[in-house]
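If you want the building blocks of each chain, they are given just below.
There are 2 protein chains.
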Amino acid sequence: MRRSAQDTKQVILAVARERFAADGYDRATIRSIAAGADIDPSMVMRYFGSKEGLFGAAAEFDLDVPDLDRVARDQVGATLAAHFFRRWEQDSASLRILLRTAIVKEAVADRIRGIFAEQLVPAITGLGEAPETARVRAGLVATQMLGVALCRYVLRMPPVSAMDTGEIVAWLGPTLQRYLVDQPSPSGASADTNGADSVPFPLPESGA
Amino acid sequence: MRRSAQDTKQVILAVARERFAADGYDRATIRSIAAGADIDPSMVMRYFGSKEGLFGAAAEFDLDVPDLDRVARDQVGATLAAHFFRRWEQDSASLRILLRTAIVKEAVADRIRGIFAEQLVPAITGLGEAPETARVRAGLVATQMLGVALCRYVLRMPPVSAMDTGEIVAWLGPTLQRYLVDQPSPSGASADTNGADSVPFPLPESGA
Chain A
0 MRRSAQDTKQ VILAVARERF AADGYDRATI RSIAAGADID PSMVMRYFGS KEGLFGAAAE
60 FDLDVPDLDR VARDQVGATL AAHFFRRWEQ DSASLRILLR TAIVKEAVAD RIRGIFAEQL
120 VPAITGLGEA PETARVRAGL VATQMLGVAL CRYVLRMPPV SAMDTGEIVA WLGPTLQRYL
180 VDQPSPSGAS ADTNGADSVP FPLPESGA
Chain B
0 MRRSAQDTKQ VILAVARERF AADGYDRATI RSIAAGADID PSMVMRYFGS KEGLFGAAAE
60 FDLDVPDLDR VARDQVGATL AAHFFRRWEQ DSASLRILLR TAIVKEAVAD RIRGIFAEQL
120 VPAITGLGEA PETARVRAGL VATQMLGVAL CRYVLRMPPV SAMDTGEIVA WLGPTLQRYL
180 VDQPSPSGAS ADTNGADSVP FPLPESGA
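If you read the sequences in order, they're chains A and B.
For reference, each letter of the first sequence is one residue, going 0 to 207 in numbering that gives the first Met the number 0.
For reference, each letter of the second sequence is one residue, going 0 to 207 in numbering that gives the first Met the number 0.
Since the hints were derived computationally from the structure, they do not count as laboratory data.
Treat the hints with care, since some could be wrong.
[Unchecked claim] Only part of the chain A face toward chain B is listed, based on derived beta-carbon distances under 8 Å:
hint, residue
1, 40
2, 44
3, 46
4, 173
[What the hints assert, rightly or not] Pulled from the structure, derived: some chain B residues nowhere near chain A, Cβ distances all over 10 Å:
hint, residue
5, 4
6, 29
7, 37
8, 44
9, 101
10, 106
11, 117
12, 143
13, 146
Since this is a predicted model, take the numbers as computed values, not measurements.
Every residue gets a Cβ at the ideal spot worked out from N, C-alpha and C, and that includes glycine.
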């Protein structure tokens, strides 16, 4: 049975994500991706124009952020942590390729910055935040959620790579809750921290 | 004035970190590093044996973790967040090269896993934790601290890259405090999350 153009594109994208993630951008070839999708290389070029075009389409990542202002205020962190984790696990190949290539290709780093700015900031603005505050909150959420993606899918750092999703989400939920709705510099930090330009805590001398 | 062998090695390592970070492992050359250190390439080989040996020495990263059991229990998170940040800012070139190369070179990913396992887990075990629990806590700390390093130094994601260290530390301190000493699944998460194998929170349908 012939595949529709839409199906063919999806198959090509799935193979492209695998090849880019396994081989890296430079070593992955249109030829090997076409072979994996059981299609002629010229068709890949016809659909995506170039290797860059194919990469751009393969690296697109829809965070699919839930409508946070329809969630109980004290559950936004847990909801978002669970949601992110579901997206990460669904699409860990895309996420891995995005992170791997973002680190060496500035254009892809720019794509990740764009994904957060375009998809996460508006969701937080929807919670009633001023845009500048929403950007800070989105940035903090990104540090935690990209960090867990890095440790789990790229570095495969135990035990982060082995923990079950329910356990990780239970740990990360309260973190995101604080980043999303709490005031800056909550209880754990001393008062003189605010706006200080250098690290404000007295540190014990270590042995080294 | 002649430099001592120790000084020369430090100069070579400093230049190597810059070159590996700027050019990546494959494109950085012994020749360009030697030129930057104003020394003959044969001397670089004599000190470090090979490009791999030089890379290994340049990528060494001492977390220099403070002695946490000498810190007031309710301040361990703030102390560790401030300490990590001071280390990151001191040595952001080394950190960037470690992250950049870890993502493409399995041997370097292994080095990062080793750094956390050998340096952070013992500090947490020193707080009186069983080794297995200490490993989970260290992993959670790693997700947050490597995530902020990724967003700030590699992806240069605003506003994370622009926030001053005091502000970031004030946000991250309570996160590390919870990861270091709190019980799993604290208040923010619903009870049925524990040990669940899939994401437990009902999510609102999003528009996409």
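Each hint tested on the structure:
1. For residue 40 (chain A), the shortest C-beta to C-beta distance to chain B is roughly 25 Å, which exceeds 8 Å, and the interface hint is violated.
2. Hint on residue 44 (chain A) is violated. Least Cβ distance to chain B is approximately 27 Å, over the 8 Å limit.
3. Checking residue 46 (chain A) against chain B by beta carbon gives a least distance of about 22 Å; that is not within 8 Å, so the hint is violated.
4. Residue-level restraint check for residue 173 (chain A) holds (minimum Cβ-Cβ distance to chain B is 3 Å; threshold 8 Å).
5. Once the 10 Å rule is applied to beta carbons, residue 4 (chain B) is consistent with being away from chain A; the minimum gap is 21 Å.
6. With 10 Å as the threshold on Cβ separation, the claim that residue 29 (chain B) sits away from chain A holds: the shortest Cβ distance comes to roughly 21 Å.
7. Listed as a non-interface residue, residue 37 (chain B) keeps its Cβ farther than 10 Å from every Cβ of chain A; the least gap is roughly 28 Å.
8. With a least beta-carbon separation of about 26 Å from chain A, residue 44 (chain B) lies farther than 10 Å from that chain, consistent with its non-interface assignment.
9. With 10 Å as the threshold on Cβ separation, the claim that residue 101 (chain B) sits away from chain A is violated: the shortest Cβ distance comes to roughly 6 Å.
10. Chain A leaves residue 106 (chain B) outside its interface by the beta-carbon criterion, the shortest separation being 12 Å against a cut-off of 10 Å.
11. For residue 117 (chain B), the requirement that its beta carbon stay farther than 10 Å from each beta carbon of chain A is met, with the minimum near 13 Å.
12. Listed as a non-interface residue, residue 143 (chain B) fails to keep its Cβ farther than 10 Å from every Cβ of chain A; the least gap is roughly 6 Å.
13. Annotated as non-interface, residue 146 (chain B) brings its C-beta within 10 Å of a C-beta of chain A; the closest such distance is 2 Å.
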